[in-house]
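Enquirer: Each chain, letter by letter, is given below.
Protein chains: 2
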Amino acid sequence: MVSAVEEAATRCVTLPPSPVLKASLKRSLPPPMSLVMTDGLPDEISLDNLKAVLPTSKNGESGATNGNVKYGDSHGAVKSNKNFVLGRDMHGSSFKITEPDHDDEVTGEKDAYMASVLARYRKSLTEKSKYHLGYPYNLDFDYGALSQLQHFSINNLGDPFIESNYGVHSRQFEVGVLDWFARLWELEKDEYWGYITNCGTEGNLHGILVGREVLPDGILYASRDSHYSVFKAARMYRMEAVKVDTLLSGEIDCVDLERKLTEGKDKPAILNVNIGTTVKGAVDDLDLILKVLERVGYTEDRFYIHVDGALFGLMMPFVKKGTWDLRYIRKKSLSGEVHEAPKVTFKKPIGSVSVSGHKFIGCPMPCGVQFTRMKHINSLSRNVEYLASRDATIMGSRNGHAPIFLWYTLNRKGYRGFQKDVQRCLRNAHYLKERLREAKIGVMLNELSSTVVFERPLDEAFILKWQLACQGKIAHAVVMPSVTVEKLDNFVEELIEVRKRSFPEGNVKIPCIVEEVGVQNCACSLHRGAGTIPLPKGEKRVSACVQNGNSINRASH
Amino acid sequence: MVSAVEEAATRCVTLPPSPVLKASLKRSLPPPMSLVMTDGLPDEISLDNLKAVLPTSKNGESGATNGNVKYGDSHGAVKSNKNFVLGRDMHGSSFKITEPDHDDEVTGEKDAYMASVLARYRKSLTEKSKYHLGYPYNLDFDYGALSQLQHFSINNLGDPFIESNYGVHSRQFEVGVLDWFARLWELEKDEYWGYITNCGTEGNLHGILVGREVLPDGILYASRDSHYSVFKAARMYRMEAVKVDTLLSGEIDCVDLERKLTEGKDKPAILNVNIGTTVKGAVDDLDLILKVLERVGYTEDRFYIHVDGALFGLMMPFVKKGTWDLRYIRKKSLSGEVHEAPKVTFKKPIGSVSVSGHKFIGCPMPCGVQFTRMKHINSLSRNVEYLASRDATIMGSRNGHAPIFLWYTLNRKGYRGFQKDVQRCLRNAHYLKERLREAKIGVMLNELSSTVVFERPLDEAFILKWQLACQGKIAHAVVMPSVTVEKLDNFVEELIEVRKRSFPEGNVKIPCIVEEVGVQNCACSLHRGAGTIPLPKGEKRVSACVQNGNSINRASH
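Protein sequence lines, in the order shown, are assigned to chains A and B.
Once you know that position 117 of the first sequence is 207 in this note's numbering, the rest is easy, because the numbers rise by one and skip nothing.
Once you know that position 19 of the second sequence is 109 in this note's numbering, the rest is easy, because the numbers rise by one and skip nothing.
Keep in mind that the hints are not guaranteed to be accurate.
[As the list claims (entries may be wrong)] Straight line, CA to CA, 30 Å or less: simulated DSS-like cross-link-like pairs of lysine-lysine: (1) Lys218(B) x Lys510(A); (2) Lys279(A) x Lys433(B); (3) Lys200(A) x Lys503(B); (4) Lys438(A) x Lys465(A); (5) Lys279(A) x Lys220(A); (6) Lys433(B) x Lys186(A); (7) Lys503(B) x Lys186(A).
Just so you know, the hints here were simulated from the structure itself, not pulled from any lab data.
Isolated chain A (complex conformation):
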């Protein structure tokens, strides 16, 4: 469960550029240059206009790798080389628990102590929420109307559809939410089974377990950019697992998939398909994967597909048709064929889908939705004597508040509300990409994604302040509904400033991240974005973001 001794031992390691350092980071920066916006981007501003305002700069600085950086992959995505993380001994900074002074009453002193701890904590949360950019959590929610429920112990024990005798539950809300997802993913009410989970990981653990129970000797195939919980599941469940290569975009490499499926043909296949990978926000091409399965000769009874849609599974359906569809929904394959982006629907032979609830929707605590076919849960019940448990969930006792949060937001926003949010996120993500490119920072943004990948900043205090998730030489910002253009402006200005400060006399050396984002997106002196520098003889220029049809392999460098 932990990859190396030295990594597990980081709890006692002293690598701590503590988050409080952020306070020392002076924000005496000039105001945003040409564009000063106070909140969000007006709906009517088109991307093309944006591009006109913010021309992509081509003149990069002299190339250099940032060899002195301690890389962390705190986002936990799978990577073969071992990385260190920022770790520290939490015992010292923890809020200790002390015995009340008197036998019967909590003393005033204790009350005051607790109130002051909570007040300081609240203040720090407010501050941290303000600067957060690196994780895909929508911090913009208001559940004030639900605070009246906080003093109930709401527990959806076991199966959502089998009522337990415990009365203080919220199954009415849970099933309402599930029915909404049934419409979204096109399964009839009597054909689906699902539940509200504690997080995306529980969804993956459940989906892969259902797959294993349906196909007990199946091999798990997942791209190396899959969330680490997918491989954790394989180990937990003692399944054979095969890692599949990815394209530069982070999308699964279907050439490699085909090769590996062919090798493992003797056994059934359980596939994890990513709708938005953790680090690069890449969307695996479900339709192409289905074609590959057919081509290799897997019939529908010999494969099971779990769709991990943690973040983007809830955004993709709301990309508005019209202005946006040509750019974001349709993909052009190498052969020139235009096809729809891989829609997630149970009209295709998929087995399960999971999404997170605290990401795009926003929720005080992690939660998610796990969704599968009733027939799989039924088939489990035929094959398996599960020891008198009719509980097909993983957790058993389940947070009954989470479904009410989801129910509340789904009701208030509806499809149209989500559409607006998604549009704003995609637009703001493009805005961020353009501003970074303009600042000669290597940057990549996948189609259908609001996850902006860029060079990992060298300044650890800056990373902590903006809570960037990093992996190796790259970091990312995830543009959620709570991320405004103003916030992005502040971020970019500060990044430019700290970048200058990291080098003597502001002579910035741009790191080469071509292996992570491709020649078109790397801003180092050798590549200078869009590849204006000639490549070595015989090497073909490949763009990471426009590679469609999933038939190009990793760019060589």
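Starting from the known structure of chain A, fit chain B onto it as the hints suggest.
Expert: Leaving out everything else, chain B in the frame of chain A:
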């Protein structure tokens, strides 16, 4: 994951004596007879006084089995015969999600609809909380001071001791809580590892997984009264699992354990030890189990013990020394030797302990504490390449509010507060037992437990109203800090009333539950409690609750 087709199919089955029926149950009952108390039991009333007030009645009614009852084991404990449960199609009663009317604004109508749904729901929760008796949840908490935190998305991503870059976390509280448990369970700060889980099940899943990783070919041994998640874990993890018999009390039968450990001696042993079983609240004798392991020849490197202390793991340490210890802490073995109850401490060779946070402590949503030795997590990291994940938790994304709830209550109550709560629970549980016995209802209460087991009532509406957890012919009530004597009085009065109504002309036939609770506790005509009716020739009378030393097997009947 589901035990039988017909059980999984219960979502569409129409067996629904709906909870609303409870409203139809008239509560025009006479006031409590001799004892009228308004709230709680004064601290100074001793059990002996109680017994004097409430003499145990011996004159049972004519014996009969309740063959017409649909048995449910909604509490999910392991039972070999398949049971039906109350299930219903939840789609009909769910709160549907509808699209907002306008594009931009939520209409007043929608607002009003949602407010009315929430108001009705809140009312029903208040009502249901009032009558709840069957599940071990302390509904008595006030986290008003923490409502200021509800609008933050607090997520303790991954390991509590490895800080992630996401700033909106509550690790300071989490580690404070864990340090408190380190003192309770006697492990040094640098020797433990743990985290706040989503529920007791996650604790069991984690503990057993750690056991399997430490001893990969170990066989899992657990009593048949263990929580179903223990056997679910074995199936999930593809482990060999052996079910061990239990005594009538629900405690693990160490004679059977010894036999089975001897049979499986070639492989290491992973043991689940219950501190409070789900149905009967029985405490497995940890010390005796350790002796058995030694006797059979298992050295410490060849076994791993996970302690499932879901409910009573947090109560047992607070049983007050003094008045109570002779009765509750010390146990007298058959040989007459008096020994201490099995204290849970890491000074003994145990591997992990899990407890629930929403049970005895009380919390708006399920949560728990999982605790293990640092060396096990370290040994995992040596043996296992866990694919770049340094996250040794199961869930990854974790509810950051739960640790703050726990921190708040631990600070306010402290050891002494818990002691008071535990004493009141044990006293009230004895009060309930005496009142039921007086009413000629078969009843059993284990030492060290506040779980009162009794005949399953025949009236389904009554079961639903009081939210009793049932298994086969028995039901139980769990006396938590939120359960007052007044509530127990109301419960008993009503039970007597519905019991009479279930039989023509009030001629109550008492079911025989001797197989579940033993002759001393069964009130049927054959056994009549404490066994005043002679038994068939040659059959030895065995008491379920006084069987100590763990060397008596199940009573034959």
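Enquirer: It remains to establish, for every hint, whether it holds in the given structure.
Expert: Hint check:
1. Using a Cα cut-off of 30 Å, the hinted pair Lys218(B) and Lys510(A) is violated, with the two alpha carbons roughly 39 Å apart.
2. Among the hinted pairs, Lys279(A) with Lys433(B) is inconsistent with the structure: their alpha-carbon atoms are about 50 Å apart, more than 30 Å.
3. About 11 Å separates the Cα atoms of Lys200(A) and Lys503(B), which keeps this hinted pair within 30 Å; it holds.
4. With a C-alpha separation of about 15 Å, the suggested pair Lys438(A) and Lys465(A) falls inside the 30 Å cut-off, and the hint holds.
5. Under the criterion of a C-alpha separation no larger than 30 Å, the hint pairing Lys279(A) with Lys220(A) is inconsistent with the structure, at around 41 Å.
6. Of the pairs offered as hints, the one joining Lys433(B) and Lys186(A) holds, with about 25 Å between alpha carbons and a cut-off of 30 Å not exceeded.
7. Straight-line distance between C-alpha atoms of Lys503(B) and Lys186(A) comes to about 14 Å, which keeps the hinted pair within the 30 Å bound.
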